[in-house]
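J.: Residue strings, one per chain:
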Amino acid sequence: METPRTRTLVLDVPRWPGHRAGQHVDVRLTAEDGYRAQRSYSIASAPEDPRVALTVDRLDDGEVSPYLIDVLRKGDRLELRGPIGGYFVWDAALGGPLLLVAGGSGIVPLMAMLRHRAAVIETADARRHVPARLLYSSRRWDDMIYRDAIARLADEDATLEVALTFTREPPQGWTGFRRRIDRMMLAEVAWPPSERPHVFVCGPTALVETAATALVELGHDPALVRTERFGPTGGSA
Amino acid sequence: MNGDKTQASEQDSADDHVGQALRLDGNFAAGILSEVFIPDMTTTRGMCASCGAIRPLGALPVYGRDMGVVMRCPTCDAVILRVTRTPRQLWLDLTGSRVLLMADPTPPLIARADGS
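Protein chains in written order, with this note's numbering: chain E, 1 to 237; chain R, 1 to 116.
Just so you know, nobody snuck in bad clues.
Interface residues of chain E toward chain R, partial, derived using beta-carbon atoms under 7 Å:
hint, residue
1, Ile84
2, Gly85
3, Gly86
4, Phe88
5, Glu228
6, Arg229
Derived CB-CB ranges, DEER-like:
hint, chain 1, residue 1, chain 2, residue 2, range
7, R, Ile38, E, Arg179, 44 to 50 Å
8, E, Leu218, R, Ala113, 55 to 61 Å
9, E, Asp33, R, Arg45, 40 to 46 Å
10, R, Ala103, E, Asp12, 28 to 34 Å
11, R, Ala49, E, Gln172, 55 to 61 Å
12, R, Gly115, E, Glu48, 34 to 40 Å
13, R, Ala53, E, Glu156, 41 to 47 Å
14, E, Asp33, R, Cys51, 42 to 48 Å
Please keep in mind that the hints were generated in silico from the structure rather than gathered at the bench. Glycine included, C-beta positions come from ideal geometry on N, C-alpha and C.
Use the sequences and the hints to build the structure in full.
T.: Listed below in structure tokens is the structure:
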């Protein structure tokens, strides 16, 4: 479990063709009566990882996520389609700077990008040419997905800067941001548009639209701002 | 993406919905489109038949439900592509896209002759 309501599933997928950081899979469940439900989940693992990890956010009224979180056991089989999507993708070859903006479970595909960056750009010197910044909004400290993994990545890598914001309950003694992502916050965290960062924004629809609009207003090239909306149920800010 | 996005819940805001559909991105349509097209459709560029704007389909706003998706032009809001799954068939309407520009799906392998 990553948080009380999110779980990472590590899957062994025979004949997996390999994926790129940011891609997703469609998971299809078929009930005994033939009823089918299909949902999309971002891949959390780096392409360099031989197993495929999905992080699933539990929606109490969902048809698929409660099964994946509460019922699925080691050895169970799942029907997958993927990897899917070549648009919301970052490869190390694309270069930097890399600006990642996430709300709630929108962190998942961005984590794959950070893991990919850490895996293929090995030296601090090389990483300085592809600096990365993450702005991550969670409701509460306890809802923050990959809390330890993000801290570890940032500790080991001076060229990765992490800014967190908590919209409801920050941790005790928190002196950082405590509001929804807005234009002023992005102006503070992002590189100037002249640096031409590759921007990936992922999260609930309202957060994605606020952030993408603000970034373009700040002068970032719309072609460099890629978005992925989770719909309203991403469980974040 | 993270799952169960077609499920509405009480915390949804009005902005996230158009009728019963959710506002998403072209990425969401990639799975169902992969049943029709071999190249990746999120990086495929589409030309709006209404205003001529050209964009990667992954960048288009998508209105999605369990049974299918509607992709719209962000410039003029015209419908560019609709795909719907009925119990018997997949139904694809491309009247709103004048041209689709796809990457070569399978780059050719380079063989080298090795005698006869």
